[in-house]
Amino acid sequence: MSKSLTVDEKSTVETGTARAPAPRWMRALVAGAAVLAVLLLGASLGMLVRLPGAGPAQPGATSVDLGFAQDMSVHHRQAVQMAAVAQERSSDPLIRVLAFDIEYTQLEQVGRMQGWLSLWNAAALPPSGRHMGWMTGTAGIAHGHGEGGEGSGGVQTMPGMASPAELEQLRSAEGSEFDVLFLQLMLRHHQGGTPMAEYAAQHAEIAQVRNLAEKIVTSQSAESQYLTELIRQHGAQPLPPPI
Amino acid sequence: MASGKSSKAVRNARSVVTATKPKPWGTVAAVLAILIFAAGIFGYVFWQYGERRTFIPSAENQDPSAQIEGVVVEDYDNARKHVGFDERVAYDQIPPFGGAHQDGAWAACEGQVYQQPVRNEYMVHSLEHGAVWIAYNPEQISGAALDSLRQRVQDQSYIMLSPYPGLGTPVSLQSWGHQLKLSDPNDERIDQFIQSLRLNQYTYPEPGASCDIVPGFDPANPPPFVEPPDPGEPGAVPVNASPESDPQPAGGAAPAPGGEQPAPAPPPAGG
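Chains as they are written, first to last, in this note's numbering: chain V, 511 to 753; chain A, 71 to 341.
Keep in mind the hints are simulated off the structure, nothing from the lab. If a hint is listed, it holds; no wrong ones were tucked in.
Okay, the calculated beta carbon distance ranges per label pair:
#1 V:GLN743 <-> A:ASN148: 22 to 32 Å
#2 A:ASN148 <-> V:LEU546: 45 to 55 Å
#3 V:THR646 <-> A:GLU297: 51 to 61 Å
#4 V:VAL584 <-> A:LEU216: 42 to 52 Å
Fair warning: this is a prediction, and the values are worked out from it, not measured in the lab. The beta carbon of each residue, even a glycine, is placed where N, CA and C say it ideally should be.
Okay, chain A solo, but in the shape it has when bound (with noise of 0.2 Å):
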C-alpha cells in the first residue's frame, strides 16, 4: 500500500522534474568530448600497432614467427653439444634445426646455393649463428620453382639453400629451433619466416657470430649429406646432448634410448 502510494509520488516528482529542469547539455557535451577523446587516442594506438603487426622481431614481438601458421618450435638452447668430424648426431628431426653440431667449423651461410646435399651437423651449426636455411625436395623443385627459391638466397647474407634427399615437403624452412614445411616455393610465408626469424637476436643462441667462409668448409665441395643415425645406434650422438654432459659418461646418466652399451667408445679417435 505504502509502496504504490510512494510510486504515485515518485512519478509525479519524476514529471515535474523533468517539467522544470533543464536538459543537462554540458553534461552531454563533456561525455561526448571524452569518448571522442578516447576513441581518438584508442584509433591511434590500434592504427600505429597495425602497422607495427610486421614480421620484424622488437622487444615486444620477440618471435613474430609465432604469427605464422605452420611453424613448428623446438627448444634446443640447452642442446649445443658440439661434436667432432668423425661423430654423427641422431637427429629428431628432418632436417633437422637445432642440436648438437659439428664444432669445426659451419656451413657458409652469406647467401650460398648449394647443388648438392650438405652434411647436416654444419648446417644446424649455420642456424646456431642466426642463418635460415632453406631446404627443398631435388625430386619435386626444379626449374622455375627452383629459381624462385634462388632468389631468395643470392646476394643475401645469413641464409643458404641446399636440396634434401627424400624430403617429406618440396620446401622445408629451417632457423635455430623452428621450421616450416611448405608445398608451395611462392608461400608468402617464406619471406615472413625469413623476416621473422634470421639474425633474430632473441631466437638464435650466439649473437654476433658469422656465416663466413672458414677452414674446414668448402663451399665449392662442402662434405655431403649422410642419413641420421638411429638414436640407438652405436656412436649416434643424442640430438639433445648438452653442453655440460661429459663426453665419456660417468655415472651412465646418457639419456640414449638404446644404453646397453656399457663401453663409453670415447669419439677423438684421431689426434
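Just chain V, with the same shape it has in the complex (with noise of 0.2 Å):
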C-alpha cells in the first residue's frame, strides 16, 4: 500500500514536469499569443461581414430617419409652395430673392429626402397620414388625437403650418398686405419646422440624416431673425408662434 503510494507520487511528479516544462513567462506568452490570434480572427471576420462604413443603412418603417424624411418632405413643401407665390406676387425685390432662396433650397431638401425614401424602399408620404408619430415623448405628439389609427400616434397637421384658408387668404392679398401675410406665415412655419429638425438631428442613425436636419435647424433660426427683422420693417407684428 505505502509502497505503491510512494511509485504513485513518482509518476504524478513526473508526468506533470512533463506536462508543464515551460517557465510561467512562457506560458503567458503561449496564453497571450492564443488570445490574439482569438481576437485576430474575429477581427477578421467582423471586417469580412462589414467593412467599417461601408453599405447603406437600412432604417425601419417606424425609425426617426424615415419618418422625418416622409414629415419634413410635406412640411418643406408647403414652404416652396409659399414662396413660389411670394416670387411671383410681391413686388419687394428683397422679398422676391428670399422666397427664391427658401423655394430652391427647400425643394432640393425634399430632393435629397425623397432620393434616401426610395434608396430605402419607404413610400414617399407617410403611409398613414398622420405625421411625427416617431418623435416619442415629446409634449406636442403625447395629446396628439391618434385614436382613430391603430394607435399610430402622430397629428393630422404638423405645427407652423398654414391652413388652406391662410394660403387663400395669401393669394388673395395684394402689395403690402401680402407681403407682410407672406413673411408672417413663413416666419411660422420656421417655426414649426423646427423641433422636428431638433428631434431628428438628435435621433435619426444615419449621420447623413442627423446632418441635414442639424443643418435646417442652424439654418432656418438665421432666416428667422432676417424674417423678423423684414416684418418689423414693415410696421407688423409675428403671428403667435406655433403650439
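The task is to assemble the complex, starting from two chains supplied on their own in separate frames and drawing on the hints.
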C-alpha cells in the first residue's frame, strides 16, 4: 500500500514536469498569443462581414430617419409653395430674392429626402397620413388625437403649417398686405418645423440624416431672424408662434 | 538544493518529451492559417481605405481638408447674421471666410470669373451656400498664372474667382469656415481644397442653397470692393454677430470691443 503510493507519487511528479516544462513567462506568452490569435480571427471575420463604414444603412419603418424624411418633405413642400407665390406676387425685390432662396433650398432638400426614401424602399409620404408619430415623448405629440388610428399616434397637421384658408388669403392678398402675410406665415412655418428637425438631429441613426436636420435647425434660425426683421420693417408683428 | 534537483528533473523530462513527442505540425499549420487569413483580410481593408483616402467627403471623413497642410479653420456656424446693404462687417480675416453677411443677395457663384474685386459681404453669403472662392493678388497673379486659376472656375458650379487688393499671398482659397493661403497658383492643394469643401454637406450651413444670379447682384457690374472697417468703427457689424442678437442691443451686451457708444444707431435708414 505504502509502496504503491510512493510509485504513484513519483509518476505524478514525472508526468507533471513533463506536461508543464515551460516557465511561467513562457506559458503567459503562449496564452497571450492564443488570445491574440482569437481576437485577430474575430476582427478579420468582422471586417469580412461588414467593412467599417461600408454599405448603406436601412432604417426601419418606425425609425426617426424615415419619419423625418417623410414629414419634413411634406412640411418643406408647403414652404416651397408659399415661396413660389411670393416670387410671383411680391413687389419687393428683397422678398422676391428671399422667396427664391427658400424655394430653391427647400425643394433641393425635399429632393434629398425623397432620394433617401426611394433608396430605402420606403413610402414617399407617411402611409398613415399622420405626422410626427416617430417623435416619441414629445409634448406636442403626447396628446395628439391618435385614437382613430391603430395606435400609430402622430398628428393630423404639423405645427407651423398654414391652413387652406390662410393659403387662400395669401393668394388673394395684394401689395404690402401680401408681403406682410407671406413673411408672417413663413416665419411661423420655420418655427413649427424646428422641433422636428431638432429631434431628428439628435435621434436619427444615419449621419447624413442627422446632418441635414442639424443644418435645417441652424439655417432656419438665421432665416427666422431675418424674417422677423423684415416683418418689423413693414410695421407689423409676427404671428403667435405655433403651439 | 531542492530547486537544483527539480530543474535537473525538468531538463531530463524535457529531453524526454522532445525525443518522444512528435512535432506539433497541426498547431503550426493552424497558426499559420490564421495569420495568413488575418493578414489577407487586414491587407484588403487597408487597401480599401488607401483607395478611399481621397478628398471626397463622407460620413466617416466629413472634412477631408483636415489632411491638407495649411488649412485654417474657424467656426462661424453661430455667426451668420444677415446685414443690410448699407452695413459693413468688420471681418476678422482677409479675405473673410465666414460670419455676418449681406442679406438681400449673394454673389453669383456658378463659375463666375470677376474681373474686379467684389464686396466681401456678398462673397461670404456665397460661401454660406457651399461655394469655394478663389481670391488672388492682382499684383502677383496675371497671364498664365491667372489662366490656370481661371481654368478651375470657368464652366464649373459653386465656385468663383476674384482679385483681392492687397492680399498677403498670391492666392487664397475660401470656403465656409476654411481658408488656405498659397503662393503657387499650380499648387496641388488647390484641387484638394475644392474637392474637400465645395458643396460638402457637412461643412457649409445651408445644404441645397443656390449659386444662381439673383436680383440685387449683377455679376457684370457687381457691388465694388470696400476695405473692411475696423471692429471699433461706428456702425461696423461684428463678424461674429449671431442671428439671435438683437439689432438694437437692449442690455448693452454687444461684444464690440470699442463699445463706448450708447447710441444704438439702427441700420435701416433707407426704408
